[in-house]
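Since chain A is already given, all that's left is putting chain B on it; use the hints.
Each chain, letter by letter, is given below.
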Amino acid sequence: MKKNVSQRGPYILLIAPSFLFLFALTFYPLYFAVKNSFYYWNLATSPKPVSFIGLDNYINVFKFTPFLASLRNTLILAFVGVAIELFFGFLIAMALASQLKYLTYVRALLIMPVTIAPIVVGFMFRYLYWDKVGFIPWLADVFNIPEPDEGFLGSKITALGAVLLPDIWQWTPFFAIVLYASIIAVSRDLIDAAKVDGAGQIRLIWSVILPTIRPILFVIVLLQFMRLFNSFDIVYILTDGGPGDSTRTLSYGLFREGLRNFNIGVASAYTVVMVIIISLLVFIYFKLFNKRAAL
Amino acid sequence: MKLFSVGRKYIAISTSIVLASSGVLLVGASTSNAAADCGPNRELNFVSVGDPFEYALKEVLPQFTAETGIKVKLTGLDNQTLQTRLAAAFVTGKSDLDVVTVDNIWIGQYYDNKWILSLNDMIKKDPTVNIKDFIPQVLYSISEWRGQLVGLPIAPYAQGVMYRDDIYKKFNLKPAKTWNQYLKNAKAVNGKTFKGKKIYGNVIVGKQPVPIVHMYTGLQAGQGSRWFKSFPEAPWDFTPNMASKENIRAAKIYKALYDVSPKESITYDWFGAGMRFADGDIAQMYWWTPYFYLVNAKGYMSGKPSPVVGKFKITPMPQEPGKGVHVSTGGWQVSIPSTADCPELSWKLVNWIASAKTQKAMGLVSKYGAQFSDFGRTSLYSDPELLKLYPYLPAQLKMMKSGDGKVSRPGMPLYPALEGIYGLQLNKILTGAPIKSTLQDTNALFTNILNGNLYLPYKGVSYDDTFANTQKLIDSLD
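Taken in order, these protein sequences are the chains called A and B. Numbering follows our numbering, with no gaps: position 8 of the first sequence is 8. Numbering follows our numbering, with no gaps: position 275 of the second sequence is 1275.
It should be emphasised that the hints constitute simulated quantities derived from the structure, not laboratory data. Nothing false has been slipped in among the hints.
FRET-style restraints, in silico, Cβ to Cβ:
# : chain 1 : residue 1 : chain 2 : residue 2 : range
1 : B       : LYS1323   : A       : LEU223    : 54 to 62 Å
2 : A       : ALA83     : B       : ASP1279   : 34 to 42 Å
3 : B       : TYR1463   : A       : SER51     : 19 to 27 Å
Because the structure is a prediction, the values reported are computed rather than measured. Don't be surprised by glycine CBs; every beta carbon is placed ideally from N, CA and C.
If we strip away everything but chain B, and leave its shape as in the complex, we get:
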C-alpha cells in the first residue's frame, strides 16, 4: 500500500518552497550597494565605552545636533564587549560605525590593521582643533602610534593617590613620596580603629585578568620596570622583561599592599575598589583619576554623597628614587573607523567632542553631581568654573604631565593577549604563589605568545616612539 502518493504538483510545490527559502536567506544576507548619504539627513552611529564620561557626553550631545543639524545615535558598551564588537565589525569589513571610542591599549592593534584612520591630515587642515592645547604627554600616551594621531582624547586618565586626611592626621602620617613610605603608611593604620570603625591601610584591585593589571602597572612603572627589552624606543625588541628585579620588587610591594587591604579585594574590579574607598574604612588608595570624583558618590552615578566627601585629599603617585617619573596614563579617545562612510562628518563629531567647549560642558554636567574631570586640554585645568567643582585639577594636571602610558601599558598589537595572561599570574601571586617563580613563568608564557605570534624576533618596522618625536609631530600639525 502506498503511504504517500507523489504527484508532480507536490514535487513542484516542495521544490519551490526550498528555493524560495534559500532566496529569502540570500537576499537577507546581501549587503546594500547604495551610495552612503553624507548629507544633512545622515545619522552618525557612535559606539562608546560606558565609562563615567559617557553619562556626561549623553547630556551634551544634543548640542552637537543643534549646532550642526547632524543627528547622533550613541551606544554605550562595557570595555570588553566594546573590544569584541569593534574587532568583529572591523575584521568583517562590514562596520556601520562612524565614530568609536578606542582604549589606548588597542591603538597598536587597530592602526596596524588599518581599522582606524590617522587624523594627521584632518587636524592639519582644521584650524579649530588647537592641537597645542592638548597635554602633549596625554597625546603621546593615548593617541599617538607610529607618528600618527589616531584619535583625539575624550577622557584621558592618569593615576594618583587618594588618602584620608582625617586618618592621616590622627596617626601623624604624611603623604608618601616613595613606595616604601606608601606601604609604611598603610601598615601604620591597618587594623586600627578610627571613629569606632576598623580601618584597612589600603585597598587594591585584585580581579583577574584585566582590572588587576591596570592597578598593578601603575606601581610597576613607578619602580622603573619595563615590559620588554626595548619598547617604545627603536629598534623594538619584545623580549619580555617580567622577571626583572624591578618587577619582582613591585610585585612584593603589591602583595604587601594586599596584606593590608580587605581580603575580598582579590575579587574587586575597577569600581569595586573605588567604592570600597568610598565606604569610608580605607586609609588610602592609588587609582585612576576619575575616581577623584567617583568616590564622592555612594554607588555608581547615584548622586548620593558618600561618607568620604570632603575627608580625602589627593597627592601624586609615589616614585622609586632614581627611577625617573613614570605615571601610568591611559584612557579613551574618539577615532574614525576606516570603514566610515562619511569621514568628514565623523571628523566634525570627533573634533566637536574633543573641543575645549564641549569638554568643559561635560565637566559642568551635574545630573549625578560633578561627574567628569578627565580633561585632555591644558586650558581647562585653569578654568575658574571647573576649578570650583574640581579643586584638585592642578594636582591632576601634574599627574597628566608625568604620564607615560607607553611604558606602563604598551599598546602594541598583542597587548590584550599578554594582559590576559599577566592578570592571571598577578592574581596567583595574591593567592600565595611565590613571586619570583610566578613572574618567571609569566616571562615564559609571554615568550611563548610572542614567539607563536611572530613577534620574537620582531621583523616588522620599528618606530622610535619617544615623547620627543610626539612633540615634533604636534608642532608639525599646528
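Extracted from the complex, chain A is given alone in its bound form:
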C-alpha cells in the first residue's frame, strides 16, 4: 500500500537533521572546491579570491607540483597495498576459520593494530626503522636483507615499500577479521556438498568460498583502496614525501598546496582532479566487478 504524506512525514522529519548534516559536510566542501578552483586565491597574498582565471589552476596543478609522480606513487600504494593486505588477510582468515587450537586468542589480538591512530603507527615505525639500531634494520640483517646506506626510508628504491609496510601491518588484520566473519557465514551444507563431490581445499576455496563471499570482498576491497588512495599520515610522518618525490602521494601534495603554500585556488583544483580520478577508478571497478558481486 503506497504510503501517504502523513505516513512518510515522521520518517522524513527523523532523517532530516542527519541528511542536512551530511549534505553540509559532503556537498558544501565539494561545491567550495569546485567554485574556487576557477579563481586565483592565495592566502599568502590575499584573504579572499581575487579573480576568475578559468582553467589556469588546473594547469598549475601539473605545473606547480610533481603531480604525475604523486599519482604514480599513490596508485602503486593503493593497488599493491590492497593486493598484499587482501592476500595475507585471506590466509589469516582461513587459518582462523580452520579453528586450530589457540588461534581464538589470536583473533582477539588482531583488532589491536586497527585501533591505533595512523599517525601513532607512523611514529612507531619511524623508530622501528631507525638507522642501524631500529628493529627493522636488525631484522633485515638477520635475514640477510641488505639495508641501503641511506636507510630504508632514505633510499628512493626502498622508501615507498618502507612506507607501505606500516599500512600492511595495521590493516591486514582488518581484512582478516572481516573475511573471517564472511567465511564462517558460508553455509556448511555447501561446503559439505562440495567435499562429497570430491573437492579439495583449493577447489573448495576457489569454487565455493570465494564466490560466496564475493559481495563482502567487493566492498572491503573498494573501501581499502579508497583509504590507501588517500594516504597521508604515514607519508607525512615517515618521509615527508621524500627522498625526492619517491613517496609523495596525491594527498600529501594536496596538503602542501593548501596548508603550507596556502594556494586555495590550486588546492581546490587539485581536490577536483583527485575526485575525478578516484571516481573514474571506482566506476571502472564497479563496471568490472559489480554485476558479479550482487547480493
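Showing chain B alone in chain A's frame:
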C-alpha cells in the same frame, strides 16, 4: 495497517528538537561582542615556536607576571604547525592571540597581508627599548620589512662552522676560509679512523622540503648566488636565478659534502644533523648558531653531556673569494597580531622579552645546562657572566654582523611555496639527479609559481630594502 500513527503532538515535538539543535549550533558559532578587558586581569595569549629558546623563556616568564601583574599563557608549537595555526587564525580574523613569534621568512607574507603590526611608533614612543643596542644586521635580516620593524628579535640565528679540534690536529688541518678548503678538509678525514671510531668528514641536513633549504642556502649565499634577478634592492624583479653558475657550483659542493657525510643524512632534519655531530663521529659541520650549545648535550634538552663537549671549536662560515660576505641569518622575533585586543599590553610583553635583562636571564637558565645564546643585542656579547657560559660569543657576534638573511632566504610573501619546491629539488640532487638540469627545472617551477601568483612581472610596489636604509630606519627610531 498504519505503521506509524502521526499526531500533531509528535510533529510539534520533532520540529522543536530540530529547531532547538539548530539554535544551539548557531549560538555556539556566534562570537562574543563583549569589549576586551585590557585591565590588570587580562591574560595574554602567547603562541611561540618550540625552538630551544622556548625552554629558557618558560623559565623566565613568571618574572614578567611578577613585575607587571599581567599573566601570560605560553603555547609552544613546532615550526610548521605554528605557521598553519597563525595563518588560519589571521585569515579568519578570529585570532585570539596577543603575541606571536614570527620566523623571518614569514614577515613579507604576514606584514603585506596586515596580519601583524608595525612596531615603529611603539618603539619610538618607548624610551626603554634601546633600539641601537640591537645588532643592525639582525634587525635587517629578521625584523625589517618595507621600512617597518614588524617585531623585536627573541632568538636570531646566524650560521657558523663547528669542527673537531682534536681530529683537525691529528690530521694537520686548519679551519677553512673558503668552501674549497672546507670540502678538502672533509675529504681528508672521511673514512679514516680516530680513536677506534670511523670518522665522517661532514654531516649535512638532507631532509626535504624545508630543513635542507636552511642548510643549503647558507652555502648558496656564500657562493654569491641570489634567488631572484633583483631583490631586495628596488625595483623588485622576481625572475628566478636558480640555475646561475654560482648556484650550480654551490649545488656541486653540497653534493660533494653529502658524499663525505653519513648516507642516512639525506633523512636528517635540523636536529638530526646536530645530534649526529654530537655523537662524535663527524669531523665538521656548519649550522645555525643554537647548535653551538645544543651539541653539548646528548639528546634534546636532556642535560646529559655529549661526547664532543670541549672537543670542538667554532669558526666563521667559509666564503667564496670575491663574492662578498653573506652569512645566512634567520631566527625568530616577537610580534603583535593586528587582531590583538590590547596592543599596548602586547607591546609590554614584546619589549620585556626582547630587553637585555630578559635575554640575559634566558642565557643564564641552566635547567638543562647552558641552553640559550641566541642574542640579538650587542651588549650581551660582552657580558662577563654570559661569556663564562658561552665563550664563543665574540665569534658568534662576528657571524651576526655578517648576516644577510634577505639574500640567503628572501622573506617575500611566496617564500614558503618556493621553499617547498626548492627543498624537493635539492633532495633530488642528493639522490643522484643531474645538478644542472635539476636546477633548471627548479627555475622553471619557480617561474610557474611566480607567474601563477602574479609575481612575474611584479606589479606591486617595490621597496629598496637595503641594509643602509635599515640603518637609517634604526636611527630615526632612536
